[in-house]
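Given chain E, work out where chain L should sit, using these hints.
Number of protein chains: 2
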Amino acid sequence: MTAEKTAINPHAHAQEALLKGLLSLLPASLVLTDPEDLRPFECDGLSVYRRLPLVVVLPETIAQVQAIMSLCHKLQVPVVARGAGTGLSGGALPSSDGVLLSLAKFKKILNVDPHNAQATVQPGVRNLAISEAAAVHGMYYAPDPSSQIACTIGGNVAENSGGVHCLKYGLTVHNILMLKVVTMEGELLTIGAETLDAPGYDLLALMTGSEGMLGIIVEVTVKLLARPERAQVVLAAFDDVVKAGEAVGAIIAAGIIPAGLEMMDKLAIQAAEDFAHAGYPRDAEAILLCELDGTNAEVSEYIMAVRKVLTQSGATEVRTAVDEAERQLFWKGRKSAFPAVGRISPDYYCMDGTIPRRHLPRVLRQISQWSAEYGLPVANVFHAGDGNLHPLILFDANKPGELASTEEFGRRILQLCVEVGGTITGEHGVGMEKIDQMCIQFQSGELSQFHAVKAAFDPAGLLNPGKAVPTLHRCAELGAMHVHHGQLPHPELDRF
Amino acid sequence: MTAEKTAINPHAHAQEALLKGLLSLLPASLVLTDPEDLRPFECDGLSVYRRLPLVVVLPETIAQVQAIMSLCHKLQVPVVARGAGTGLSGGALPSSDGVLLSLAKFKKILNVDPHNAQATVQPGVRNLAISEAAAVHGMYYAPDPSSQIACTIGGNVAENSGGVHCLKYGLTVHNILMLKVVTMEGELLTIGAETLDAPGYDLLALMTGSEGMLGIIVEVTVKLLARPERAQVVLAAFDDVVKAGEAVGAIIAAGIIPAGLEMMDKLAIQAAEDFAHAGYPRDAEAILLCELDGTNAEVSEYIMAVRKVLTQSGATEVRTAVDEAERQLFWKGRKSAFPAVGRISPDYYCMDGTIPRRHLPRVLRQISQWSAEYGLPVANVFHAGDGNLHPLILFDANKPGELASTEEFGRRILQLCVEVGGTITGEHGVGMEKIDQMCIQFQSGELSQFHAVKAAFDPAGLLNPGKAVPTLHRCAELGAMHVHHGQLPHPELDRF
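Chains E and L, in that order, give the protein sequences. Each residue of the first sequence is one higher than the one before, starting from 1 at the first, in the numbering used here. Each residue of the second sequence is one higher than the one before, starting from 1 at the first, in the numbering used here.
So that you can see chain E by itself, here it is in the shape it has in the complex (with noise of 0.2 Å):
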């Protein structure tokens, strides 16, 4: 190598040097570098943002990670880790000059052990195949993210996934023991203990949920729960969406915490019925789902104080599914919303932010009220618990402007989310998509300290560089260009 030739095309060379490391770390088969072979990795759930990232390899084992790792920190170059690719905020976009590195080839259920209540096993698992392997002793893992069926649980560990359950068992993070992790520099360390606590500072907690830029998860030790004895659900309608919303917090102050709490209004209610044929009351302004699990006593116990909680709080109805059939259609409905607003809207988009319960019934109030003001009709159907909101906005993109609207529309309702003590994500991470809402949600300070924590991992910022994190640069032009829009501070909150 001359300088002369290096001056001429460093990119290519830097390429070259790339590929020609990983065919020597791995079979010719692991390393894709065909545009059509990419393709199926340019993005994520979240498809409006797409992009071919340089290489993508599939390694299979431990070894061969940390030696790719190796490589990329010697030659300096980006990695983005890509589990089932069923993450909804764009945050396994590949870097266009780096490796995409898919954790698809680690899917061994390594061990299940019914006595220490714990399976192992290799981050390409099936979130669901887990509870099926678990079965067999009557036991599962209790976080069900809705796409359970494909995302794996190194991606769940890696956007720290919840699901319809998480109000009463938990998150990733409250459900996972160990980890092994293979750092930037190809180190594998191994984090958390089979117990409950590890000593040292919890890396276990700092490596859930934030979304692969601290190193790659190779390996995950779950806690398994034992199978409920029953499950029942109750459904209530309302006459009025905020009498919905009181009714979720008398819930939580009247002791009870039911493994789901589910609301859905009309619009959400209506389509769902179209679509599942659920058995839903049409007429009502919204209905709660509260499903209610544990032992056969215990169950008909809580179903009890729900109903009366629910009357009090001034349910129109409430019906406890007659049978398992019931409450499996109640669900399906419930589960169904998503693609039956699809059928009613050429387009919808769908929003994911966190509110503290008590702020229901004002929060939802609002968005109503924005709905008309905007023209464009929004669904609500979310995890009323954890006050975890999912306002679905429906528009025409081929409507000049109404893009735009509802991208406002959807600014608004997270920056409300943030004033009332919230957060801009309840479940789908921050990623590309919400990087810039970032900047409401914290302050310099604690930004400052989200770089210094990174830093500590990967200071050269090549792991899924770009993500979920922005640059205090970048918040601050955006914060000026929030005051010139007038949405900081916000005027509608006087109006409560």
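Treat the hints as calculated values from the structure; they're not laboratory data. Take the hints with a grain of salt, since some may be wrong.
Identical copies look the same in the list; a pair holds intra-copy or inter-copy alike.
Straight-line C-alpha distance at most 30 Å; calculated DSBU-like pairs for lysine-lysine [said to hold, decoys possible]: (1) 266 x 105; (2) 266 x 168; (3) 243 x 454; (4) 243 x 223; (5) 74 x 454; (6) 266 x 332; (7) 308 x 223; (8) 20 x 74.
Okay, now just chain L, sitting in the frame of chain E:
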């Protein structure tokens, strides 16, 4: 200031600047320097380590804490934070050249919110005081370290405290939502959120259990739970410690998560019985105390299920407390076990290690074997459900060599905990006491990562220096020693 003067006594000069600075920030009554005033701060609950700080400050506001930290950062003076000083690993031991920052004046309960099931308190609020304040709403704060009458929530966060009920309700990290933290540079950060999860890296979990090495906790928002309708305890006697250990795993595998699951062996039973007259079976080799809580119906169902498992596991006697008075008496025996053992031996050494539950039988067998070899009796009193062992080694410090034998025995127990996949501390933290054992627990990769995380918050190492995470150099030296003693790898493991 001349260079000459600085050269004569730089140390005295720096001290003078510090004191002058502190007195400009705080009223003189909140800055203690008289050795008599410093004495109460020389140690925490582990009184084998004693050291006087240079100065004690007792700030009353967050702004004062920020100003103190900013001053100390400027002058590069070490700072050790202190709650109630009930810690058991020397974590609050002052630096002789530094500031001891007491949070004793931060004792306001700022807000209790039953609808959102949370409370916001200052860090100097006692653990039990939170539950007392929430009682009017039928709620409580779940983690209950045995020092809960005295220990404060700030210290609980710093140590990630547990308690008898953490098997079911989790550690401190699982029961807090939000923290306000002052950094070494004096910046105020808000971390976490009033919702299930916050975007960005999980600094909330990272701060929890960080033993005062990352920042000063100045406000805590905790989760509250509804007080269970009923709690009941089942006492089971066994003629063999190993059988009792096996019963613990069998209960969990049956899908029951007791609110508490405690074990005592013969020596502990007899000492506790002589002291507290709890009605324990004096001739049993081990007893289990299994507490169930929940609704009336649920508790009844679980009691039946637990009794069945205990009988099948070979219990010689299974008794349910006949009334609340007997339930309290059963717990009184357990809670007084440590002082009771203190009465039957001149000295005892309380170990704190955690193991995966499935290894309870073999670890208990090994401890008993070592006890015979060393001629040192051991009383076992511990949180069996989470595998958190507390072997109390009985010895007489006045007998030549017994302290050294006891310490060696203790080290071997902790090493065994690590070898079976557990940890060197269950709930007492690392602090000063276990810093060398961290070298057994972790390899250089994990320790380096801990140091990098520490540097992301406090690059100069001014916060609680010398605690919790050993230098690689220290471990390298100890590693050599261990190999020399032939204790690693562990030959005993082959004998199981």
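Taking the hints in turn, this is what the structure says about them:
no., hint, result
1, 266 x 105, "neither (44 Å within a copy, 52 Å between copies)"
2, 266 x 168, "within (26 Å within a copy, 38 Å between copies)"
3, 243 x 454, "neither (43 Å within a copy, 48 Å between copies)"
4, 243 x 223, "between (37 Å within a copy, 24 Å between copies)"
5, 74 x 454, "both (19 Å within a copy, 25 Å between copies)"
6, 266 x 332, "within (17 Å within a copy, 55 Å between copies)"
7, 308 x 223, "between (34 Å within a copy, 25 Å between copies)"
8, 20 x 74, "within (14 Å within a copy, 51 Å between copies)"
The structure fails to meet hints 1 and 3 from the earlier list, while all remaining hints are met.
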